[in-house]
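Asker: So the chains spell out like this:
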Amino acid sequence: MIDSLVARAQRSTLYRSIFRTPRDDSPTARALTAFGNVFLHVYPVRVPRKLLAVRSTWRLGSISAVLYAILLVTGVYLMFFYTPAVTMAYGDMQRLQTAVGFGQLIRNVHRWSAHLMVLAVALHLVRVFWDGAYKAPRQFNWVIGVALFVVTLAYSFTGYLLPWDQLAYWAVTVGSDLVHYVPVAGGWLRNVLLGGATIGQSALLRFYVLHVMVLTAVFFLLMAVHTWRVRKDGLSIGDRLVPLTPHTLPVPPAPNVPTVARANSARAESVRVRQMGVVHAASAEAHARLPDDEVFTSPHMLVRHQVVALLTTAVVIVMGVLFDAPLRDHANPNLTPEPAKAPWYFVGIQELLAHFDPLVAGVLAPGALLFLLAALPYVDRNPARLPSARPLAMSLFMTLALVAVTLTVIGALFRGPGWAFVLPWEHWYFEP
Amino acid sequence: MTSSAVTLGVVPDAQWFETTVSCTAACPVGTDAGRYVVAISEGRDADAYDLARAHNPFPSICGRVCSAPCERACRRAVIDTPIAIRALKRVVAEQYGVEASGQSRWHRAHGIVPPATLPSVGIIGAGPAGLAAAYELRLAGHAVTVYERDARPGGMLVAGIPAFRLPRDVVADEIAAIIALGVMLELGCTVGRDVPVDTLWTRHAALLVTVGCSRGRALAIEGAELPGVARAVDVLRAVNVPTETSRAAGATGSAVDSATAPSGAVVVIGGGSVAFDAARIARRTAGIPEGVGSSGQTALDAARMARRTSTQPVILVAPEPRHELPVPHEELEEAEREGVTIRAGTAVRRIVGVTHVEQVVFAPVLRLRDADGRFNPQVADAAAGTDEIVSASVVILAVGQEADTTFLPDVSALARGPWGGLATSSEGRTAQPRLYAAGDVASGPRDLIDAVAFGQRVARAIHEDLAPDAVAISIAGHTAAWQPGAPDADPPHFVIQPPSHRYWSGYDRVSRTPLPVLSPEVRTFSGEVEAVLSPDDARREAGRCLRCMEHVLLDAGRCITCGGCVDVCPYGCISLVPLTASTGIDSAASFVLTLDEHSCIRCGLCVARCPTAALSIARAS
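If you read the sequences in order, they're chains S and R. Going by my numbering, the first residue of the first sequence is number 19, and it counts up by one from there. Going by my numbering, the first residue of the second sequence is number 28, and it counts up by one from there.
Rather than coming from a laboratory, the hints here were simulated on the basis of the structure. Each hint can be trusted.
Partial selection, computed: residues in chain S whose CB lies under 7 Å from chain R:
#1 46
#2 63
#3 290
#4 292
#5 293
#6 294
#7 295
#8 296
#9 306
#10 307
#11 309
Label-pair restraints from in silico Cβ distances:
#12 S:238 <-> R:538: 41 to 49 Å
#13 S:238 <-> R:105: 37 to 45 Å
#14 S:91 <-> R:108: 44 to 52 Å
#15 R:363 <-> S:23: 33 to 41 Å
#16 R:538 <-> S:24: 17 to 25 Å
#17 S:43 <-> R:583: 29 to 37 Å
#18 S:404 <-> R:105: 34 to 42 Å
#19 R:128 <-> S:26: 44 to 52 Å
#20 R:107 <-> S:342: 57 to 65 Å
#21 R:108 <-> S:26: 22 to 30 Å
#22 S:67 <-> R:583: 25 to 33 Å
#23 S:407 <-> R:538: 50 to 58 Å
Chain S residues, not near chain R, derived (Cβ > 10 Å throughout):
#24 20
#25 30
#26 362
#27 415
#28 416
Virtual Cβ for every residue (Gly too), placed ideally from N, Cα, C.
Put together the whole structure using the sequences plus the hints.
Answerer: What follows is the structure, encoded as structure tokens:
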């Protein structure tokens, strides 16, 4: 009954004017699902079979994208109830949590999604490094990816200030103080960022505009290029499917062989594969495509991405239900909390500041790291992809990653008032 | 995992492209089946008829009873089931063939008939092979006389194939069209009895033997000589050629008695078209026809209709598994609808009876072919206890046929095939100069369309031998008649539709149209069981064609190796295979774009995707 109604609706002029492709299941319809749909055409029609395995990518890029979508939706909801003014922001936050329907939950989900996105993007970056997927021809997309990582951090950092509580105020104070150490232009830079020497109304408004508008525009632009390059450069996992056996051109049939015999020999090759022609790669991105190793995006990849989206959404909702985002006292420039910690992803730098000159720890070290990260595909010329075949790159990268994680853990969990060493099970000084 | 599956494919030449058109390659006479199917799908039925007619003087007959090797080869089976090519041929034959007397375009195919100035040829046997040869020879300018022992020409077309599959007026009309070209036909003339072979040699410069295989083969099993056992060809002949019944009955001995024999199943042994025809005849007569005598077909029908209420079962026993039975599946389905029980994968161990057939012992076939792939059924051991005993009153043997060439005086000097016929070259030349043979007598029992093809080949050989200086026969449709000139005589033209319109129609999802048939309750001897497809059904069915004759072609210079075509192809038949430096072609930046012709459905998505218009769909040349 329902089936017949659906079938009837699908035959209607209205339906067929909206949906370009037939809905039934056939290879052509599967191809057209991806090829003929504006939303799905970011996908290739077919993907390498190996991509179906979770371990191929751990779905970290997809998870990041899903988290970003959640952040957009929840962020719009929060904007309805928030005024970026120092006199109103904190009160809006309180009202949001107490008087707005689902306000607390939406805020929680937004907060946890933001943290998870920083984590997911970072892990995505590590995964891509691990698989050597940044190597030719994907060098530039790695650079775009690093830029997206920076934008993600900026998103999180600008968003951190908006609640205008003590946590926000002092975390951003610590973070923006680092800008001050930039040689020559440090003071000017901080002025531009904060709209003054200290964090006040100008800083709040600028962070707000950056957070909801400027970074969003930049992020969309970079994501478009990132996704497009994934398609155009080819999936790195596809590279590994290229047969290692060298292929040689078959000799064209000798002209004096009787045509009938030629036809018979052609038929004997039970697979009637014909050469359409020898083509020359027009760009460095050209890569082999062997459909035997591929499956249709629709439904195989679509289903997996839907599962990823559902699971990710479920996780952040559960987190939002279980844990409330912190909201401390109203921001008070005259009362410095002890300790005043940067957001967790910058707390490693804060830890470094305790050991080195601020110029080194706060500017040169992170700057050099970021530069090295972006330049990695151009510095690392080893074409090998397997981790075991590139010990130098692996050990350097993993050492740096380990140092960063260690500094972050120490800074976040083992530091108390006066940046003194504290065991986290004795006193917990970390707030996300 | 992949490297073994990756191939660079063949470098095609024009001949190779021809072999990928499976239907045409499979047709013994080389009919452009795909092209007439495409023409029907485009509403150009007259062009379609011209194409079907071009290679074959019997399109109306073939539209009904051809074994359709084209359908067996049809690549549509990659998706679902083959195109109903034979039924489509009938659709256009009904409109423009000999059936449509006023509209017939039959004569368009052959052009002007030259006067009979070249040496005379005598043809013994007016079956499909003989008539096809007569047609070609007459058009080449030879005087031709066909000698036929029966009162009607057609050979197995009238003596073997039942009228409910092939109406006699269609056969008569199509043969009459050939006779009208100036072919002499002597009916009721048995060579060797009514006219000695020596006399023929005085009349003709060459003799062509096309007497077919008219004798049923025996089966070397116990009880095969019992009364009640008959040969299928004799049964069919008795039904189809009433005036000849006495001789047929004489040949089968006691067959006529069987109608009065005790009830029990009619068991037909064999899995070919003859076996199916005999089984379906048996369902209509509830046994073997008795005393058909002088009563005409109409009276016979009435009598048989009355008897069809009989519940006497008809069982067809064949060693092949069901899907390997060498008949088009329509024949199989219709036989079953008429109540024939098909026991595929079964052999008959022996026939039991004292004075008459009483029982038949079935044994399962374990293996059809031996290790070398030859047909050699292995029957289960009797001790295995898998045998089955069926009560039977009649057994009809359809296990092959033999030729009768004893009318030739010096036949012993000629090499003979295992079927008792004449050994010939593939062109039909025998060891004796000026003596030719074609059709079943030279090839062993084959299909109608094989006989036609053989007739065409032998005609070419005879023409070559008798008139070496004349223009050779071109079977490809005598298309001289279509040379430009008269506006009415344009050659069929083929418009390639923009592929972007093609995949809208969902042609790859339309399933095969079931052929319209008479309900089993009202089937008679002569009423045609299968009806013609409606015009709408025909266009829809023809629209399913995957158009093997059009190929996806690449302008390599425009290709930017984006891989979009590989990506979008629904059947994964395009590959971009990297070349290595070992080829001598510019380094690793070169690829070969390959296409699996076997899987390509010409959906045109690759062409639609190609950003540089490097790909196109066109007729390869």
